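There are 4 protein chains.
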Amino acid sequence: MPLTPEASGVFPIAPTPFNPDGSVDWTSADRLFEFYHGIGSDGVTVLGIMGEAPKLEPEESIGLVKRAVAKMGAKPIIVGVSAPGFAAMRSLARQVMDLGAGGVMIAPPTNLRTDDQITGYYAQAVEAIGTDIPFVIQDYPLTLSVVMTPAVIRKIIQDNPSCVMLKHEDWPGLEKISTLRKFEADGSLRRVAILTGNGGLFLDFEMERGADGANTGYAFPELLIDVVKASKAGRRDEAHDIFDAHLPLLRYEQQQGVGLAVRKYVMMKRGILSHDAQRKPGPGLTAAAKAEVDYLLGRLAKHDPRAKI
Amino acid sequence: MPLTPEASGVFPIAPTPFNPDGSVDWTSADRLFEFYHGIGSDGVTVLGIMGEAPKLEPEESIGLVKRAVAKMGAKPIIVGVSAPGFAAMRSLARQVMDLGAGGVMIAPPTNLRTDDQITGYYAQAVEAIGTDIPFVIQDYPLTLSVVMTPAVIRKIIQDNPSCVMLKHEDWPGLEKISTLRKFEADGSLRRVAILTGNGGLFLDFEMERGADGANTGYAFPELLIDVVKASKAGRRDEAHDIFDAHLPLLRYEQQQGVGLAVRKYVMMKRGILSHDAQRKPGPGLTAAAKAEVDYLLGRLAKHDPRAKI
Amino acid sequence: MPLTPEASGVFPIAPTPFNPDGSVDWTSADRLFEFYHGIGSDGVTVLGIMGEAPKLEPEESIGLVKRAVAKMGAKPIIVGVSAPGFAAMRSLARQVMDLGAGGVMIAPPTNLRTDDQITGYYAQAVEAIGTDIPFVIQDYPLTLSVVMTPAVIRKIIQDNPSCVMLKHEDWPGLEKISTLRKFEADGSLRRVAILTGNGGLFLDFEMERGADGANTGYAFPELLIDVVKASKAGRRDEAHDIFDAHLPLLRYEQQQGVGLAVRKYVMMKRGILSHDAQRKPGPGLTAAAKAEVDYLLGRLAKHDPRAKI
Amino acid sequence: MPLTPEASGVFPIAPTPFNPDGSVDWTSADRLFEFYHGIGSDGVTVLGIMGEAPKLEPEESIGLVKRAVAKMGAKPIIVGVSAPGFAAMRSLARQVMDLGAGGVMIAPPTNLRTDDQITGYYAQAVEAIGTDIPFVIQDYPLTLSVVMTPAVIRKIIQDNPSCVMLKHEDWPGLEKISTLRKFEADGSLRRVAILTGNGGLFLDFEMERGADGANTGYAFPELLIDVVKASKAGRRDEAHDIFDAHLPLLRYEQQQGVGLAVRKYVMMKRGILSHDAQRKPGPGLTAAAKAEVDYLLGRLAKHDPRAKI
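Taken in sequence, the protein lines are chains A, B, C and D.
Note that the first sequence covers residues 43 to 351 in the working numbering.
Note that the second sequence covers residues 43 to 351 in the working numbering.
Note that the third sequence covers residues 43 to 351 in the working numbering.
Note that the fourth sequence covers residues 43 to 351 in the working numbering.
Looking at chain A on its own, in the form it has when it is part of the complex (with noise of 0.2 Å):
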């Protein structure tokens, strides 16, 4: 199914799920899909940055999407792209769109400065992989050292129709939310859909902002969607509730660098995963750490009882 400018909900962020031998787990990754699915996510995004796609061979990519497309009914998959050069970007998105996938999510160079070197970038992907192919901005400075003002995604979202969603993780980002829905409002800019990152560290106002919902990972997925249903349908204290009970969690898993590895921890105790390697390089938890996550859950299972595990 394409992605399209009404797309709306939670995309979780995939993992790439890996044995403890470095192979990739397929087992797990059906498994995963499925859950995604059966807790009635909107769409998956696979190959992302916490999908250690750098490290997977061309073959275990294009795996990993037959298997989202497989298992994740008619939702759509966005599959990044990035790449460091245009060809290699090209030959991956187009080869996934053939497979299924709805999009593709496209990150900025590290190397861009200025306003026109980022429209431009853009302006030459979209060239490359094509104008039909649906595709997503990620806008993460504190990842990409690249700083697009609200002006520049405005561009890029009016000069390439084939752009559809923005990935919002600029953090701090609450008013860059509101300053492009008032470009909408004015009729400067046109429609698409902004789903938010940062591993929802920020979701509870994003979505009251004018969020259309999160594209983003956390080990229970399932809080992500509650928040988002719960704001959307303006139960305001509800959706602050939940989130609150989760935020101690949530903050932990959202330290960079270690953040991806209790992830696969958590959702290994869940049963989702059948291992919580990652695929090397990669850094484990240490026992401080793991101990550290059993008394966030412990605690956390008093307020959702999903946490009991």
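Among the hints, erroneous ones may be present.
The list treats identical chains as one, so a pair stands whether inside a single copy or across any two.
Computed list of lysine-lysine pairs in DSS-like fashion (alpha-carbon distance at most 25 Å, straight line) [what the hints assert, rightly or not]:
1. K322 - K197
2. K224 - K332
3. K274 - K332
4. K197 - K311
These aren't lab readings, by the way, just hints derived from the structure by calculation.
These numbers were taken from a predicted model, which means no experiment stands behind them.
Place chains B, C and D on chain A using the hints.
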């Protein structure tokens, strides 16, 4: 009172109070330091990154130090003296020590890269200010983009007897605290105080990993004191309970660039500051942001009566 | 004499002379400015990046400006006032203008990224120092990592009538000069002086692209004057001949970090400075490097008798 | 032929020839490698930063390596295999060695900061590609913003027996060569080849400091060979004479971003390449720039008849 390696507890990072016309609000400054003293702070840090230090005239900087010394009893005052050149650093350091400060804090310049450049810089800084002034290493990669390994921190401490404290605000940083404490246990590192920063976002676990306290800002520094005391007393659940109650607001305040505006806004509502003004250039809070903070305060007040304002 | 948009020719960047004990060598400072004046410089820049400005005490900085004003006749003095905060920038700018400086130079802080951040910064800086002080934009991405497009430079110039000069040291930067001059030709940009930096490494072609001269340092500033004069007079081959003769040494001096040591060493050998000392911390030249410079001087002397030293 | 620590002389960095329509120009590729072989190159490097490697499809990359192997006689071929992940690095490295390459070159990813991160990265890279593949360290801080001290380079070499060469392009870097050679003299470092980069801008003195040759690009690689040979033979003045004659053009070609366009333009004029096209996105030369290069060629031809084109 001089700062020593035995320092412990909470040293709030003091914001600099301004009047709406941009002049320093000395009345609020007096009240602020009285407040810090009254709640049982173990010291205070002035002219830090969050103190808007680069916007101050020299005589204003000196004035703030004088007030802190006058109002904080015998508690040690730490003064940020980071500067683009050693002449200014030396000059400020010697002046504030003469006025009764307890020590100075030095952040590395953002262009340092190699281990040798970092240890060399601290050697030169100590040579510049003199070996008789107790100093604090500020380890803050997120903002300064200088990455110090535990071994580099150890070398700075071992090479410079006047180093008495590490302001730890690496992120993620829990393992770094554990590693430094292991260095102490194996005898390769002498004991210095480790106080943590980052707005307290990981204070609950930092204490459990071996931190001696917090050297950071938050609109409710009493919370930092509560967590540090409960944690030191071994009342783990109590420490986490009060911490978790504050986490939604604390997280909101921990937004780069916006955080200081949030902090001043809340401290104004609490009656500690007369105004929430920053000296130009400084971003204010939008009406939407203020409403979000008010909402968070309302929710917090259910758990902590000090937030009823 | 105030700096105006009609400025032209060569404004050497003055090194700050030191005695071996680290004190300012005021005798050499006087001789240096007399030398610059004597060879026909059109002005001079003090307290620039290569002037070791951050190592100076405030009274030393002021002293240097006074000497430059006293010794340079009616030629305009440009003073570097870049600072981490606007308070210090304003204070220094107003002081030096009162002392007779012709204008100030402002480099952007290294953390600026977007076009709006850069133009916003210059607007704030002008508000801070006052709209009556002529100022120079320093465009130096290699060292400052701030990238300004021609359109950004145009906006700064158009928005701020007190902007009178661009110190152009982008690299590569020839097309930028051509683009800015095209902006002038099409009426979208008012005329300001463009003087180039980067140690003169592309001065030969920068003049041909439309630069008005050089605002940079080299141990033989006479060479810069020769090239600018010959180029302006349309004697292209002559300009390149003298330039090429100096290029091996000029290139050697254009090494980041080492360059200033080379420059001072040669100026000491020429009798302009009494010592080649830098204030600490500053790298000296190894014996091998000095021998290389001596060799280059020997080779240069065959083409330019001024190098016979 | 495998690359060994005894490698010496000139290994040009090969540009990738393209047709105006963006396809690889295989005829020019064959001619290019025949040219490198014919002038007496000691090897060649393909898929380097200046080889537009990220723009190539995998089969094109392989095709280039095959041609280099076929045309360069028994001379060792170095292949750039830097990649965002070890899977792609390993895959390319093993493929090209099977095809007859002599070794691979690995640049560090731009986010590395501490000494341990750098040495750790090379350990992981060697584990990924296998300890049987000779590899070259690329030390290029200006572009990669990773700074390696001599001690870090020593550790990589000592820890990894398959390291056979340092591509030295730190800038300034003369003292680094001297330091590494001193390490060898004092027995703390085993001998590896040091070949220098940076377009040869300091090749004259790099040879005198102990470099074994050049691993870089220039439109007249014969000049690099001349300088290396004369310098090795102790004919110092001769080495500098020919070097200085080329320096104005060599400097012009050494402009980041523009340099490759200059190089291809001159190599096209020399008849080595059929076109000066870069694959998109790639900046072309303006008419003004081409005229400047032509002028420099005209001046060079008075000293070096090979420039009469």
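**Prompt:** Which earlier hints turn out false for this structure, listed by number in ascending order?
**Reply:** Those not satisfied come down to hint 4.
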